Amino acid sequence: MAVVGKLISSPRGATYYWVERHADADAPCIVFTHGIAVNHHAFDKQVPYFGRDYTVLTWDIPLHGRSRAYQDFSYAHAAEELEAILQRERLSRVILVGVGIGGYVCQEYTAQHPEKVQAFIGVGVMPFGDQYYSAAEMRQMRRVPMSVKRLPEHLLHTSLARARGQSSYGYHNALAMIEQMPKREIVQVFRDTFEDRFTRREAIDFTCPVLLIVGALDYEGKFAEYCRKWSEQSGYPMHVISAAAHNANADNFDEFNDVVGKFLRRKVLR
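So for the sequence shown, the UniProt record's numbering puts the first residue at 1; every next one is plus one.
Hints in this document: simulated from the structure, not taken from any laboratory.
Where hints are given, some of them may not hold.
[Unchecked claim] Mimicking DSS-like on lysine-lysine, the simulated pairs with C-alpha atoms at most 25 Å apart in a straight line are:
#  : residue 1 : residue 2
1  : Lys45     : Lys229
2  : Lys222    : Lys116
3  : Lys229    : Lys267
4  : Lys183    : Lys229
5  : Lys45     : Lys262
6  : Lys45     : Lys267
7  : Lys149    : Lys183
8  : Lys6      : Lys149
9  : Lys229    : Lys262
10 : Lys149    : Lys222
11 : Lys45     : Lys6
[Stated by the list, open to error] Across the chosen pairs, the derived CB separations fall in these ranges:
#  : residue 1 : residue 2 : range
12 : Gln112    : Arg150    : 32 to 38 Å
13 : Ala216    : Glu137    : 36 to 42 Å
14 : Glu195    : Ala25     : 23 to 29 Å
15 : Gly235    : Pro114    : 16 to 22 Å
16 : Gly235    : Arg184    : 25 to 31 Å
17 : Leu7      : Ala76     : 18 to 24 Å
18 : Arg150    : Lys262    : 39 to 45 Å
As the structure is a computational prediction, the values presented were derived from the model and not from experiment.
Glycine residues also receive a C-beta, built at the ideal position from the N, C-alpha and C atoms.
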C-alpha cells in the first residue's frame, strides 16, 4: 500500500513528505533528501530496502515535486522546514542522506541541530566552506543558471536526466521526475539554489560519523571533484559506486544500498 503524503506549512509555502514507520518505535530514522530538479521518487529503491531496519522519511524539498509553490528559498529555510517535519513526527534523532544540493540542506540542518544528527551520508555532495573553492570557481558556479537558461526545454530535460543516470533505470527515473517541471521552473530552481550556495561561508564541523559517496561516472559539474577534495582534506571516508552517475543511489542501487547499509550497521546500529 502506498504511503500517503503529508505536509507542513510555513509562510513560505507547503512542504510535502512521506514517512514509513518501522514496527520498532526505537528504530533509527533515515531522512533521504534528493538533489536538484527531481523529487522524493529518487529514493524509490531505498525505501523498501532500508525500511526493514529503519523508519524512512523522504520529502520534496522546497521548489521541487509537490513542494513547488514556495517563496524565498534558502538552505536555512529548507532546514527549518525539515525540522518542522521532524517535530511533527516526533523524530528526535536522524540519519541524513543527501544527494547533490540535498547534501547542502543536510549540512545546513546539521549546523542548526548538530545534536540531532546520528550520521551524515553525502552523495555527489560539495562541502560548505570557502576554503574549498577559489574565487574563480565560485564565480563559475554562479554562472551555471545562465547556462541552464540557454538550453531548449526538451534538451534541458534529457541532458539533466543523462547526467543523473547512466543505467536504464537511473536515466528514466530521473527523466520522469525532471519532465514534471517546465523549463521556467527549472531555471528558477537553479537560480535560487545557486544564489544561496555561498551564504554559509564556514565548513560544517560534523561530530557524527560521515560517509561520502560519488558515482564513478558522475560528471555533473564538479560535484565529484569537490567531494574527493572534501574527503582528502577532512579525512572523511569516500566510496566510489561503480557504473553510476550523479544519482548513484538510483543508477547502481544494489551497490549503494549495500555500502550504506554496512556503514550504518558499523556506526549506528552497533
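Now the hints, each set against the structure:
1. Lys45 to Lys229: violated (28 Å)
2. Lys222 to Lys116: With a Cα-Cα distance of about 30 Å, the restraint between Lys222 and Lys116 is violated, given a limit of 25 Å.
3. Lys229 to Lys267: holds (23 Å)
4. Lys183 to Lys229: violated (32 Å)
5. Lys45 to Lys262: Holds: Lys45 and Lys262 sit about 17 Å apart, inside 25 Å.
6. Lys45 to Lys267: OK: Lys45 and Lys267 at ~22 Å, within 25 Å.
7. Lys149 to Lys183: Satisfied, since the Cα-Cα distance of roughly 8 Å is no more than 25 Å.
8. Lys6 to Lys149: Violated, at about 32 Å.
9. Lys229 to Lys262: holds (24 Å)
10. Lys149 to Lys222: It holds: about 19 Å lies between the C-alpha atoms, which stays within 25 Å.
11. Lys45 to Lys6: holds (20 Å)
12. Gln112 to Arg150: 32 to 38 Å: holds (36 Å)
13. Ala216 to Glu137: 36 to 42 Å: Once the Cβ atoms are compared, 23 Å apart, the range 36 to 42 Å for Glu137 and Ala216 is violated.
14. Glu195 to Ala25: 23 to 29 Å: Since Glu195 and Ala25 have Cβ atoms about 41 Å apart, the given range 23 to 29 Å is violated.
15. Gly235 to Pro114: 16 to 22 Å: Once the Cβ atoms are compared, 18 Å apart, the range 16 to 22 Å for Pro114 and Gly235 holds.
16. Gly235 to Arg184: 25 to 31 Å: violated (42 Å)
17. Leu7 to Ala76: 18 to 24 Å: Holds, since Leu7 and Ala76 (Cβ atoms, about 20 Å apart) stay within the stated range.
18. Arg150 to Lys262: 39 to 45 Å: holds (43 Å)
Hint check: violations occur at hints 1, 2, 4, 8, 13, 14, 16; the rest are consistent with the structure.
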